[in-house]
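Construct the entire structure; sequences and hints are all you get.
Number of protein chains: 2
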Amino acid sequence: MIVQQGLAGQVAVMIDVLRASTVIITALSNGSKWVYPVRTRNQAIQAKEQFISENPLLAGERLGVKIPGFDLGNSPLEFVREKVNNRGIIMTTTNGTAAIVQLRKARRVVVGSFINVSAVVELVKNTEDLLLVCAGTKQKVALEDTACAGAIIDRLLSLGKSPILTDSATIARLVYLHYKDNLLAMMREVSEHGRRLIQLGFEKDIEYAARVDSTTVIPVVETPGYLLKKFKRH
Amino acid sequence: MIVQQGLAGQVAVMIDVLRASTVIITALSNGSKWVYPVRTRNQAIQAKEQFISENPLLAGERLGVKIPGFDLGNSPLEFVREKVNNRGIIMTTTNGTAAIVQLRKARRVVVGSFINVSAVVELVKNTEDLLLVCAGTKQKVALEDTACAGAIIDRLLSLGKSPILTDSATIARLVYLHYKDNLLAMMREVSEHGRRLIQLGFEKDIEYAARVDSTTVIPVVETPGYLLKKFKRH
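Residue numbers (the working numbering), protein chains in the order written: chain A, 1 to 234; chain B, 1 to 234.
Relax, there's no trap hidden among the hints.
Put simply, identical chains are the same to the list, so a pair is met inside one copy or across any two.
Below, simulated DSSO-like cross-link-like pairs (lysine-lysine); rule was C-alpha separation at most 27 Å, straight line:
#1 Lys161 to Lys125
#2 Lys140 to Lys105
#3 Lys180 to Lys140
#4 Lys48 to Lys66
#5 Lys125 to Lys230
#6 Lys140 to Lys161
#7 Lys48 to Lys229
Please keep in mind that the hints were generated in silico from the structure rather than gathered at the bench. Fair warning: this is a prediction, and the values are worked out from it, not measured in the lab.
As C-alpha cells, this is what we get:
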C-alpha cells in the first residue's frame with residue numbers, strides 16, 4: 001500500500017495479516033530463536049544447509065497449503081511452543097516473506113499484524129520516516145493488510161503525532177476506521193484472501209489473526225544480518 | 001488501484017482525475033477529433049510527423065508544467081474550443097497517458113473522471129470483466145483516482161449490479177463514500193497531488209475536475225488503432 005522506492009535509512013513495517021506476519025510473530029512468541037525469510041522453496045532448502053548446525057525447521061506455503069516435505073506450513077496455529085521453542089525457522093511464503101526480502105535496504109524491518117499492533121506503534125512512534133508495507137496477495141492490495149496499516153496510522157495520530165500522510169496512508173486509515181469494530185467479519189466475509197482461506201479450511205487462523213494486541217512480541221530485522229528476532233526492550 | 005495482468009478482452013477505465021483524464025474528456029468535448037496518448041516527449045514529436053497532414057497539436061506536462069515548445073500543457077482550462085476544435089492532439093503526461101498506453105491489450109479503453117462519471121457508468125454497466133485503472137502519481141495510489149473508481153463502483157451497485165469486488169474495489173468504494181459530499185475539499189486539502197497543483201497555481205483545475213457529471217462525453221479507444229475518440233451512442 002505504502003511502498004516507496006528508496007528504502008535505505010527507513011524503518012519499514014511489513015504487514016501480511018493473513019498470514020505470514022501473524023505466523024512470524026507467533027513463532028517468536030512461542031520461543032523460536034529466529035525466523036529467516038527467503039523467497040523460494042529451493043532457497044529455503046539451501047538455507048537449511050547453511051544453518052544445519054542449528055537444526056532449523058522449514059516452514060512455508062504455496063497456494064495456502066504447506067510445501068511438501070516441510071516441517072510447518074503457514075498456519076499460526078501450527079507454530080506451537082512444543083514445535084518451535086528454541087528452534088530457528090526458515091520460511092518461504094507467497095507474499096509476506098518476499099516482501100521482507102525486498103526490504104533489505106531498510107535500516108530496520110519490523111513485522112506487524114493485528115495481534116501485535118499496539119506494540120509495533122510503541123516501537124515506531126518516534127520514527128520520522130516510517131514505511132508501512134502491505135504485502136498483499138499476488139501483487140494486489142489486501143483489505144486486511146490495508147486495515148492493519150490504517151490501525152498503525154490511526155494510533156499514531158491518537159498519540160498526538162502529526163505524520164505527513166501519503167494518499168495511501170489516508171486511504172488505509174479510512175479503511176481501518178470503517179472496519180475497526182468488525183475486523184473479524186471483514187476478514188471472514190469481505191477480504192478476498194480471508195474468504196479463500198476459509199475455503200481451504202483455515203477459518204480458525206482468521207479468528208486468531210483478528211485478536212488485536214494478543215501479544216507484545218515484535219519481530220525485527222536489524223541489518224546487517226537477516227534473521228528476524230524478537231525485539232528486546234533496553 | 002485495481003490493476004490486473006491479463007488485459008486482453010477486458011474493458012478498462014483509465015482514471016487520472018488530476019488531470020489527464022479530465023483534460024482528454026474536455027478536449028473531445030470541445031471538438032477535438034482525437035487524442036493520441038504517448039509515453040515520451042520524443043514519441044510525441046515523432047507522432048506529430050506521422051500525423052503531419054492533420055496538423056495536430058502537441059500537449060503534455062512534466063512535473064505538472066507544460067513541456068517547452070508544446071502547444072498545450074495539461075490544464076483542462078487550456079483545452080478550449082477555439083484551440084482544439086477539429087484538431088487532433090498528441091499528448092504525453094507523467095502518469096495518465098502512460099497508463100493508457102499500458103492498456104493496449106484491453107478490448108476497449110475508456111477514459112473516466114468525475115466530470116463524466118455517470119456517462120462512463122452507463123457505458124460500462126453491463127461489462128462482465130471491468131477493470132478500473134487508477135493512474136496515480138509516480139507509481140503511487142492517488143486519493144482522487146481511488147475515489148473516482150469508487151464512484152463508478154458505487155453507482156454500479158446502486159443500479160442493482162452485483163459485481164464481485166476485489167479488495168481494491170472494496171477500498172475504492174469506501175474512499176468514495178467517505179468523500180462523496182466533499183470531493184472538492186478532498187482534492188484541495190487532502191490529496192497529495194491536489195495540494196501540489198495548488199502550489200503550482202492550478203487551483204482552478206481542481207475546481208473544474210470536481211464538477212461531477214458536467215459532461216456526457218466519453219473518450220474511448222477501440223482496438224485496432226490507438227486514437228481516443230468520442231464514444232458515439234448507436
